[in-house]
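Participant: Required output: the full structure, derived from the provided sequences and hints.
There are 2 protein chains.
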Amino acid sequence: MPKRTLKRFFEPRSVAVIGASATAGRPGRVVIENMRANGYDGDIYPVNPRGGRLLGLKVVKAIDELPRGIDLAIVILPAQATPQAVRDCAARKIGSIVLVAGGFAEVDHAGEHLQAELARAADETGVRVLGPNTAGHISTPANFTSSFFPLGEIPRGGISYVAQTGNFTGAMMKHIMSAENYGVARCIGLGNTIDIDETDVFEFLATDKHTKAIFFYLESLRRPQRFIEIAKRVTSEKPVILLKGGATPEGAKAAQSHTASMASDDRILDGALNQAGVVRIDEFSHLFLAAKGVAPMPVPAGNRVGFVSPSGAFIVHINDLCRQRLSLNFPDLKSETMERLKEISPPFIRLSNPVDIFPSATVHGMEFAYREAMEAVLKDPNVDAIVSIMILTRELGMPALDFIPKLAKKYRRKPIYISFSGDQACNEEAKAFLEPRGVPTFPLIEDAFKALDVLVRARKSLKK
Amino acid sequence: MPKRTLKRFFEPRSVAVIGASATAGRPGRVVIENMRANGYDGDIYPVNPRGGRLLGLKVVKAIDELPRGIDLAIVILPAQATPQAVRDCAARKIGSIVLVAGGFAEVDHAGEHLQAELARAADETGVRVLGPNTAGHISTPANFTSSFFPLGEIPRGGISYVAQTGNFTGAMMKHIMSAENYGVARCIGLGNTIDIDETDVFEFLATDKHTKAIFFYLESLRRPQRFIEIAKRVTSEKPVILLKGGATPEGAKAAQSHTASMASDDRILDGALNQAGVVRIDEFSHLFLAAKGVAPMPVPAGNRVGFVSPSGAFIVHINDLCRQRLSLNFPDLKSETMERLKEISPPFIRLSNPVDIFPSATVHGMEFAYREAMEAVLKDPNVDAIVSIMILTRELGMPALDFIPKLAKKYRRKPIYISFSGDQACNEEAKAFLEPRGVPTFPLIEDAFKALDVLVRARKSLKK
Chain A
1 MPKRTLKRFF EPRSVAVIGA SATAGRPGRV VIENMRANGY DGDIYPVNPR GGRLLGLKVV
61 KAIDELPRGI DLAIVILPAQ ATPQAVRDCA ARKIGSIVLV AGGFAEVDHA GEHLQAELAR
121 AADETGVRVL GPNTAGHIST PANFTSSFFP LGEIPRGGIS YVAQTGNFTG AMMKHIMSAE
181 NYGVARCIGL GNTIDIDETD VFEFLATDKH TKAIFFYLES LRRPQRFIEI AKRVTSEKPV
241 ILLKGGATPE GAKAAQSHTA SMASDDRILD GALNQAGVVR IDEFSHLFLA AKGVAPMPVP
301 AGNRVGFVSP SGAFIVHIND LCRQRLSLNF PDLKSETMER LKEISPPFIR LSNPVDIFPS
361 ATVHGMEFAY REAMEAVLKD PNVDAIVSIM ILTRELGMPA LDFIPKLAKK YRRKPIYISF
421 SGDQACNEEA KAFLEPRGVP TFPLIEDAFK ALDVLVRARK SLKK
Chain B
1 MPKRTLKRFF EPRSVAVIGA SATAGRPGRV VIENMRANGY DGDIYPVNPR GGRLLGLKVV
61 KAIDELPRGI DLAIVILPAQ ATPQAVRDCA ARKIGSIVLV AGGFAEVDHA GEHLQAELAR
121 AADETGVRVL GPNTAGHIST PANFTSSFFP LGEIPRGGIS YVAQTGNFTG AMMKHIMSAE
181 NYGVARCIGL GNTIDIDETD VFEFLATDKH TKAIFFYLES LRRPQRFIEI AKRVTSEKPV
241 ILLKGGATPE GAKAAQSHTA SMASDDRILD GALNQAGVVR IDEFSHLFLA AKGVAPMPVP
301 AGNRVGFVSP SGAFIVHIND LCRQRLSLNF PDLKSETMER LKEISPPFIR LSNPVDIFPS
361 ATVHGMEFAY REAMEAVLKD PNVDAIVSIM ILTRELGMPA LDFIPKLAKK YRRKPIYISF
421 SGDQACNEEA KAFLEPRGVP TFPLIEDAFK ALDVLVRARK SLKK
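Chains as they are written, first to last, in my numbering: chain A, 1 to 464; chain B, 1 to 464.
Keep in mind that the hints were calculated from the coordinates and are not lab data. In this text, all values refer to a predicted model and were calculated from it rather than measured experimentally. Please note that the accuracy of each hint is not assured.
Copies of one chain are not kept apart here, so a pair can be met inside one copy or by any two copies together.
Stated by the list, open to error - Using 25 Å as the maximum straight-line C-alpha spacing, the simulated PhoX-like pairs for lysine-lysine come out as follows:
1) K342 <-> K253
2) K253 <-> K334
3) K460 <-> K58
4) K212 <-> K232
5) K93 <-> K253
6) K460 <-> K7
7) K463 <-> K209
8) K406 <-> K464
9) K7 <-> K409
10) K464 <-> K431
11) K463 <-> K61
12) K464 <-> K410
Facilitator: Rendered as structure tokens:
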């Protein structure tokens, strides 16, 4: 019998919170506050033997007093109580359960036994279980989350994260919410994966129209063959980006104590993933960098980058970086483009790609120079994407930046990334202006290119 | 006859500004404003044929009306006028000149001729010249700068930059001043190096007691043998860190149009630099990252890092990163340290290095857990340095952080680096608290380790 899909996890019409709590800050309360903050409008049934009312909701005293057929239960009980809770939920025809508690195989032998018992309960009843030891999940298209980390309203967007760590529905979501301007669709902390694993979630996200790009942090693949089969299909539709923890012997050893992940031969896996179009990255921070790059922008059609730089040193350095570690290059420009660049430059200056904009900016001002150069380069059929580095300082005067979102709209098939040198406060002002208007910015100059590189690599397998 | 040292460039008792200007924003005025903002208390002689007064100073009408023997002249005149200005300065016994103008070999053939004429003037008169086409230099121990980029007061510190780009006395200094909390000693934009080159400056900085670490951005070495000779000596005294632009064929080609640098065989150079103890880095941003790491902290005695992490995923990932790209490792801890970690942990949790602090922080609170774990690890003779990642959010409450500078003071031979996950505003608050108290922070978790790695590599050649 094929297992139930994950639709009810991500689109629940009704939810029971088993182990609801009246105490401020406790997971059993925060989880409900989080749902409210995100505008969840399904029915919420708090369950606690004390009964009474909680956040305006009637508290049900026991699972067997719940109405039958609730879509999803979030179980926030001590580990020992969870196997029975699963059976009780199943008896009330609740088919999907999030198990928040830790204290299982990740801790000790007693925990291993308990986890086995829990797995039996899930198996015998046929319910689908996320966890245990998960920090919950997020589904912004359903205004829903089972996270118990105090989050408030989570920004909506097309990025989905699947992680073998609770961080993406906790501290890292907070980081994204406070430091970045992109939003998420579905985020899942996998926990100990007694049932639902990365491949199940991958399968759901494969056809999820709300998910524009899928980011994985995994320390192991439970079903590598199936994962790769799905990848072959999905990577022609949307970027699939993976950071694999435990890629080295040291990392693999650490992964074993983190999520009891067994080391597989990383090189064999790497070849298969690569062939299936999965883009492997090697820094945690790139899970955010690449996401902020792809969230508001198209995936570039190829690796030909137009680069507008205020400094010859940056041009030299980025050339080195691209040659040494990235798959980007700087194509020659069409003669029309060269002509236009000549028109906006002081006499005797001959611009090419990368465009050293400094002479033109000195003569004509930043706004004119960047606007005209960027438009000329964006228009060029030899160019797939553009990166501009701007030097912003109070003393030189902040240029009006609204031409950049306008260019992004006009040349909507070519990503525009902005980076900075100069005054930090000005950079932050520019970020606060540009990012809500769909233009990603990168504090470190290399990062704009690193983010673009991830998407260029994703392009190879995309059909359109 | 040996050439004059650079002492008068870096410690001038009197300065002439040739081409001083009354107009706001013009280099000939900004350069004087910059000196004033930095508290320069030598004599300043503005020179302009119009005479009159400028910023309270009497304007001298011509170079030959200047008093004899002024230490340094800053010449801000059109390119064509500079050879004569050099001869006129020499006639007034001014032996050191900064030539700000561009328009020489970096532009066209006419510029090449002019540059040759200028070089002749310098040669024949024996004056020392920085430039032309330089953005000036900075010397905070003398409260002095010849930069014409509006900077205001430049923070003092032990970092010196020597760059084949004007950026470090312009936009990048502004970046350091606004985004970071470390200060600089001497910074030099080399320009077209008709006389003073990177090796001359290196020689000066070698024995400069104000310079704790030397950072180079170079696209070519004019005298590689001499440079390497000096390096052999200096790298036993202080870290010497180099980003070499043009390390790849593409970069080298770009360098040729940037600073007319000729490609040398980078691999041969690389071996010699490495043997001489110069630490080569490969990202522009690391010129700031490593500087902020070394500025307030000692160079670690070795590569054995204690790592206090709030997440198992970070431990896995950083293990991979260190193994794949860095030369750091995570040593076993002494049994006393393990005992102490056990005492501060919940029962059944067995901590080792890296220390997963999450369980202890959950039970005892962030402040207690981090303080006790960090102190236990710092005390351990197996550990040379420590990195802690903290998850800060308003909802979890900001811990008091003053224990961190206290630990830094107590264990002053072991660097402490802090990184973050969580709420951006909290991270910035922590940075604003910690960095002025001598503890560097890194927004991206990998960066703390990358910065430490640069210094571990510098350690190898250091005598003490």
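Participant: Indicate, hint by hint, whether the structure satisfies it.
Facilitator: Each hint, compared with the structure:
1. K342 <-> K253: between (58 Å within a copy, 21 Å between copies)
2. K253 <-> K334: between (52 Å within a copy, 20 Å between copies)
3. K460 <-> K58: Classified as neither; 53 Å inside a copy, 67 Å across copies.
4. K212 <-> K232: Classified as within; 16 Å inside a copy, 54 Å across copies.
5. K93 <-> K253: The answer is neither: 41 Å in one copy and 69 Å across copies each exceed 25 Å.
6. K460 <-> K7: Answer is neither: 30 Å inside a copy and 57 Å across each miss the 25 Å cutoff.
7. K463 <-> K209: Within one copy, since 16 Å is at most 25 Å while 61 Å is not.
8. K406 <-> K464: within (24 Å within a copy, 57 Å between copies)
9. K7 <-> K409: neither (34 Å within a copy, 55 Å between copies)
10. K464 <-> K431: For K464 and K431, neither the intra-copy (30 Å) nor the inter-copy (44 Å) Cα distance is at most 25 Å.
11. K463 <-> K61: For K463 and K61, the Cα distance exceeds 25 Å both inside one copy (53 Å) and across copies (71 Å).
12. K464 <-> K410: Within one copy, since 19 Å is at most 25 Å while 59 Å is not.
In this structure, the hints that do not hold are numbers 3, 5, 6, 9, 10 and 11, in rising order.
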